[in-house]
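Each chain, letter by letter, is given below.
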Amino acid sequence: MSQPDFSHDASRTARGTAFRYLFMLCALLSILTTVAIILTLLIDAVDFFAQVSLVEFLTGTRWSPTNEPIAFGVLPLISGTLVITVGSAMVALPIGLLTAIYLSEYATDRQRSYLKPALEVLAGVPTVVYGYFALVYITPALDTILPLSTFNGLSASIMVGIMIIPMVSSISEDAMSAVPDSLRQASYGLGATKFTVSTSVVVPAALSGIFSSFILALSRAIGETMIVAIAAGQTPRMVDLTDPAGMFLNSIQPMTSAMVQIGTGDIVGQGEAYKSLFAVGLTLFVITFVMNLISEFVASRYREVYR
Amino acid sequence: MTNEQMTSSETESTDDQPAPTPGTDGLVDSADAGAETATDRTLLEARDLDVYYGEEQALDSVDIEIPEKQVTAVIGPSGCGKSTFLRCINRMNDLVDAAHVEGELLFDGKNVYDDDVDPVALRRKIGMVFQSPNPFPKSIRDNVAYGLKVQGKDENVDEKVRTALERAALLEEVDGQLDSSGLDLSGGQQQRLCIARAIAPDPDVILMDEPASALDPVATSKIEDLIEDLAEEYTVVIVTHNMQQAARISDKTAVFLTGGELVEFDDTEKIFENPEHDRVEDYITGKFG
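Quick note, the sequences are listed as chains A and B, same order.
So in the numbering used here the end of the first sequence lands on 308, straight run, no missing numbers.
So in the numbering used here the end of the second sequence lands on 528, straight run, no missing numbers.
Since the hints were made in silico from the structure, they are not lab data.
Just to be clear, a hint being listed does not mean it is correct.
Below, simulated SDA-like cross-link-like pairs (lysine to any residue); rule was C-alpha separation at most 25 Å, straight line [stated by the list, open to error]:
no.	chain 1	residue 1	chain 2	residue 2
1	B	377	A	99
2	B	377	A	289
3	B	377	A	300
4	A	195	B	352
Partial list, derived from the structure: chain A residues whose beta carbon lies under 7 Å from chain B [as the list claims (entries may be wrong)]:
no.	residue
5	183
6	187
7	192
8	193
9	194
As the structure is a computational prediction, the values presented were derived from the model and not from experiment.
Ideal Cβ placement from N, Cα and C applies to all residues, glycine included.
Sequences are here, hints too, so could you generate the full structure?
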């Protein structure tokens, strides 16, 4: 009586190995790209810092890469980014959070089935469309009540805020939907209203997810380029704490739009101005990277354990 | 005047206005409220109560009179509607979109399904303990204080928290660590925490939906002792699938059988020793269900 044959099939084994390497290659590709980008940024930034001191770059309050007198102080650009971030946060965080509470706690299945796709459409609008919308509609509308420049931080940050609302609302809603229903029941059973259930049980229990959504959305706002390049202007301006409104009413220049200006401008050769592109890029990268680290930390540190 | 307390006029008093203090606000007449001994006064009464989930009928014309300050057990096989009945009493079924109730459910003579009844106000008179322990991800203190804060009973919160924990036979075990998370307790302790949370605002009724089904025998026995003590002050309605438990702790027993029908309701002794209906006897003796 012959034994059954369980021996290796050469072609099957070979196919398995081939697929394994194909999948691994794809996974490696994105890692390699990231590493390459960081390296490029670093190498050119190091070149730049050989000519302009790091201290001057980080503490200088004037940014003028092409016009005499040349100055490479990044603070005005960080100021611009800060204005856009704060402005968009004031729009997106409350609206996004309240939208998430509505979707998760109040909306009927039918209402949710209309609202969620609508929010996804909002997330899918090309940012260049948002940019021109801010420039052509929001600025003129606000101009009727505020002394606005044609290019200004206010309409750009409102527009960026609207753009990131879906990020806040969808990630926050996921976190709230994950709160066990037994907690809501306990709260209702004690005579809580829907509002109390939402604010005293659901939101606190979902806080880590909500916080992550805030940070991810703000990272997105910091990196947003097209809207600010079109609507915010090209004027590097330091934050003036005695006149915070000035940053919103006038033309500003966040880091991203400064990079666009350098990249698309008529800069010749590989001079300091060109290299400054990479120094600003690296700064931007470090900021968003730190934000993502914070988000990861908060999500893992404050995640509620429900058993 | 007793019915006023449940009407929608109280909707506004969610967080800030103090609710009327127990004892004077009374769904219970003040004359009876002083009496500590078990009475046979009916506190809850269902009249021809039907419940539907969409097309499906979960309760079929239930009539029952639940006495004040006694333990009433509700038993029956899975899907017989016993939990549905419990959730009718504090209108938790309102949270299920498809649920639909017909007939009357009287709390101290007032139909809780009347249009002018606000379920939020109703639930403040009725504490509820669920099948598996569901403490909030908050400290022990905040868990017990939650109902007090929600109901605006803001004065002497710490004292009330301690009293409730003591009544729930948990204070000794958690004294000195009231600020640690309720989720760090064992399952049995968590369930007693949930009982403390339910009784802290001093309701008239406590509903328990299989409160010991997720617990081990030792923890179950503690909960059972506790339930008997609670009946000195509260009207307790407990759903259980465990017939021995019903026999041990209840004064009255209601037997629901398939189809949401209340087949028999009587003194627990009578039900377990000499039931009127053969179907109930078959169920009790394990021939069916």
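Results for each hint:
no.: 1; hint: B:377 <-> A:99; in the structure: holds (23 Å)
no.: 2; hint: B:377 <-> A:289; in the structure: violated (32 Å)
no.: 3; hint: B:377 <-> A:300; in the structure: holds (18 Å)
no.: 4; hint: A:195 <-> B:352; in the structure: holds (19 Å)
no.: 5; hint: 183; in the structure: holds (4 Å)
no.: 6; hint: 187; in the structure: holds (5 Å)
no.: 7; hint: 192; in the structure: holds (4 Å)
no.: 8; hint: 193; in the structure: holds (5 Å)
no.: 9; hint: 194; in the structure: holds (5 Å)
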